[in-house]
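Residue numbers (the numbering used here), protein chains in the order written: chain A, 1 to 229; chain B, 1 to 403.
You may find that some hints are simply not true.
To be verified - Computed, partial: chain A to chain B, Cβ under 7 Å:
hint: 1; residue: Leu56
hint: 2; residue: Gly68
hint: 3; residue: Asp75
hint: 4; residue: Ala80
hint: 5; residue: Val111
In short, the hints are calculated from the structure, not lab data. Built from N, CA and C at the ideal position, the CB exists for glycine as well.
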Amino acid sequence: MKLIGLKDIYKIYNVGGEEVRALDGVDLKINNNEYMAIMGPSGSGKSTMMNMIGCLDSPSSGLYEFEGEKVHIMDDGQLASIRNRKIGFVFQTFNLLPKASALHNVEIPLVYANIKKEKRLKMASDALISVGLEDRMHHRPNELSGGQRQRVAIARALVNNPSIILADEPTGNLDSKSGHEIMKIFDELHRNGNTIILVTHEDDIAKYSNRIVRLLDGKIVKDEIVVKN
Amino acid sequence: MISLFYENLKISLVAVFANKTKSLLTALGIIIGVLSVTLMGTLISGLDRSFESSMSWLGKDVLYVSRYEWFSDMEWWEVKNRPRMRSEYVDKIKNLSKYALAVSPVMQRTASLSYADKETRTEIFGTNEEYMETISTDLDLGRFFSLSEDRNGSRVTIIGYGLKEAFFGSDNPIGKYIKIDNIKFRVIGVLEKQGKFLGLFSVDNQAILPLGAYNRIFSKRGWMRLSVKVPEQKIEDGHDEITGIMRQIRGLKPSEKSDFAINKTKAFEAQYNKLKLAIGGTGYFITLLSLIVGGIGIMNIMFVTVKERTREIGVRKAIGATNGMILSQFLMEAVTICFFAGLIGLLLAYIISLFINQVFPSTLPLGLSLFSIFISMLVGILSGIIPAYKASKLDPIDALRYE
Ligand SMILES: Nc1ncnc2c1ncn2[C@@H]1O[C@H](COP(=O)(O)OP(=O)(O)O)[C@@H](O)[C@H]1O
Ligand SMILES: [Mg+2]
Numbered sequence: 001m002k003l004i005g006l007k008d009i010y011k012i013y014n015v016g017g018e019e020v021r022a023l024d025g026v027d028l029k030i031n032n033n034e035y036m037a038i039m040g041p042s043g044s045g046k047s048t049m050m051n052m053i054g055c056l057d058s059p060s061s062g063l064y065e066f067e068g069e070k071v072h073i074m075d076d077g078q079l080a081s082i083r084n085r086k087i088g089f090v091f092q093t094f095n096l097l098p099k100a101s102a103l104h105n106v107e108i109p110l111v112y113a114n115i116k117k118e119k120r121l122k123m124a125s126d127a128l129i130s131v132g133l134e135d136r137m138h139h140r141p142n143e144l145s146g147g148q149r150q151r152v153a154i155a156r157a158l159v160n161n162p163s164i165i166l167a168d169e170p171t172g173n174l175d176s177k178s179g180h181e182i183m184k185i186f187d188e189l190h191r192n193g194n195t196i197i198l199v200t201h202e203d204d205i206a207k208y209s210n211r212i213v214r215l216l217d218g219k220i221v222k223d224e225i226v227v228k229n
Numbered sequence: 001m002i003s004l005f006y007e008n009l010k011i012s013l014v015a016v017f018a019n020k021t022k023s024l025l026t027a028l029g030i031i032i033g034v035l036s037v038t039l040m041g042t043l044i045s046g047l048d049r050s051f052e053s054s055m056s057w058l059g060k061d062v063l064y065v066s067r068y069e070w071f072s073d074m075e076w077w078e079v080k081n082r083p084r085m086r087s088e089y090v091d092k093i094k095n096l097s098k099y100a101l102a103v104s105p106v107m108q109r110t111a112s113l114s115y116a117d118k119e120t121r122t123e124i125f126g127t128n129e130e131y132m133e134t135i136s137t138d139l140d141l142g143r144f145f146s147l148s149e150d151r152n153g154s155r156v157t158i159i160g161y162g163l164k165e166a167f168f169g170s171d172n173p174i175g176k177y178i179k180i181d182n183i184k185f186r187v188i189g190v191l192e193k194q195g196k197f198l199g200l201f202s203v204d205n206q207a208i209l210p211l212g213a214y215n216r217i218f219s220k221r222g223w224m225r226l227s228v229k230v231p232e233q234k235i236e237d238g239h240d241e242i243t244g245i246m247r248q249i250r251g252l253k254p255s256e257k258s259d260f261a262i263n264k265t266k267a268f269e270a271q272y273n274k275l276k277l278a279i280g281g282t283g284y285f286i287t288l289l290s291l292i293v294g295g296i297g298i299m300n301i302m303f304v305t306v307k308e309r310t311r312e313i314g315v316r317k318a319i320g321a322t323n324g325m326i327l328s329q330f331l332m333e334a335v336t337i338c339f340f341a342g343l344i345g346l347l348l349a350y351i352i353s354l355f356i357n358q359v360f361p362s363t364l365p366l367g368l369s370l371f372s373i374f375i376s377m378l379v380g381i382l383s384g385i386i387p388a389y390k391a392s393k394l395d396p397i398d399a400l401r402y403e
């Protein structure tokens, strides 16, 4: 079933009078329970595309449909609501709130979703348990390793049962061992029916996915199915 | 929404208490603002109270006829050239006036009073038997002197409560003799305790003598005033009537100006209101100034906070915070700082008011206290709204990229 449809998407920046096409006419369909990797050299538009899909950014032109809803005509409030309910973000730099415990970090999206305290705590601790952090719930980010921080971030991304999880170079700041541990979590999430898109420029990370989309200068130059053996 | 409120409150409390010194310095203007408005209120409440009791001592229903007008800017020689009040006026006013309920001549001077080995200098009053009706103080002990005692020049006296305590302690003074300027007077009454007039000087040390004795002993020199009691609702009519009677007594032609003055306690009220306005005005000015300065300080610190936490704002937006939620978070933070500042100011004001109360009976007014907290929070809203709005309008991508 189709989850996301991008049609003729452009994102154009004007830098010092010069036009920069971060996305240059992108067409893309993503189905439920896909596991897709976006690859490409630095500056090719990977992050821009992720932000677009994640409703953090809006296109200069083009059509974007998410679960049949037209995202390109939504206002700030509607976009915030979609991000809150339907999308889970995982960033390269974790982006946890430094003063909050792991549990509280995971709880925050639920606060914005106006879910009651007890239910919130239950959901947040379940999410932390599912990423193997049951004994780190009350630690602050600076008391956790990089891999553990990224697992908190994943727990935060999936706590709202989103339709899609977006991860922009989630292993970029991790050593390869922690990186592969993180990828195993994504693998499991995918097996459980989640839709996952991740950005990476490492081939052995991209191999975890089922589909690889390659970008160059804001254009999709290759879209291939990964054959696993 | 309740969840968000608690979340915001928690964030605010953490932010405020994580950096106590910074918060305190930021809030100094608000603290001073609240302190000045509440202390001003305390001061005025104290003034009101002592004014109220002092005024009741003077009596709202009494006209004071004398040579000079209270609080006027008349030259002293002009006053001095006016004819004196005379005790004959008392009977004339009584005969002619339909409003006068009691008329008393009052003469006043200082004298030295002694009993056994105790001695003091204080005010003595010479008056007639109707005097008690023109003041609103009652007798604590004994009785006032009678008309015949006044006519006979009897040497009897009614003393103030303070004088009684100083001379007799807890003994009964009635029937005892004290000396006024070395002449023996028999104590026949004691006035009840009155406290200080306008918080300034005590009226509890006076001694009251019949005018007959007063005149014989202290001569007729010195100036006299007349106290005329009228029904309280008829004070204006009484004022007009007594003016007419006095002009008649003095034989003034319609074209001539009055050479006497009739004073009412209202004159005190007007004067007092002027004073209150001056204190209030100064207080409000200081308050306004400190609140403005404090508000600007808070606005500044909030801009810094928003800048420092740009990335956090980006993260919060990425996980679903709406603009309104971000706005309320930062607004709450500004209001929280101001609320605690107000509370600190109020606490300081309360402590200081306890000290003030030692010298000058007064209380911190509750309404004003609540109002000052409300105003502090209002300042928080006003000074926080622009930084909070700026935070809410940040582009999530730019905010996430911010280093
Ligand atoms: N806010 C911006 N202003 C101007 N140019 C931008 C902005 N964001 C991205 N770009 C440009 O868009 C292109 C794509 O950027 P990005 O999507 O971050 O690439 P990638 O993530 O693939 O490295 C780059 O050339 C970048 O310089
Ligand atoms: Mg990138």
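So, going through the hints one by one against the coordinates:
no.	hint	result
1	Leu56	holds, 5 Å
2	Gly68	violated, 20 Å
3	Asp75	violated, 10 Å
4	Ala80	holds, 4 Å
5	Val111	holds, 5 Å
Violation of the numbered hints given earlier is confined to hints 2 and 3; the remaining hints are satisfied by the structure.
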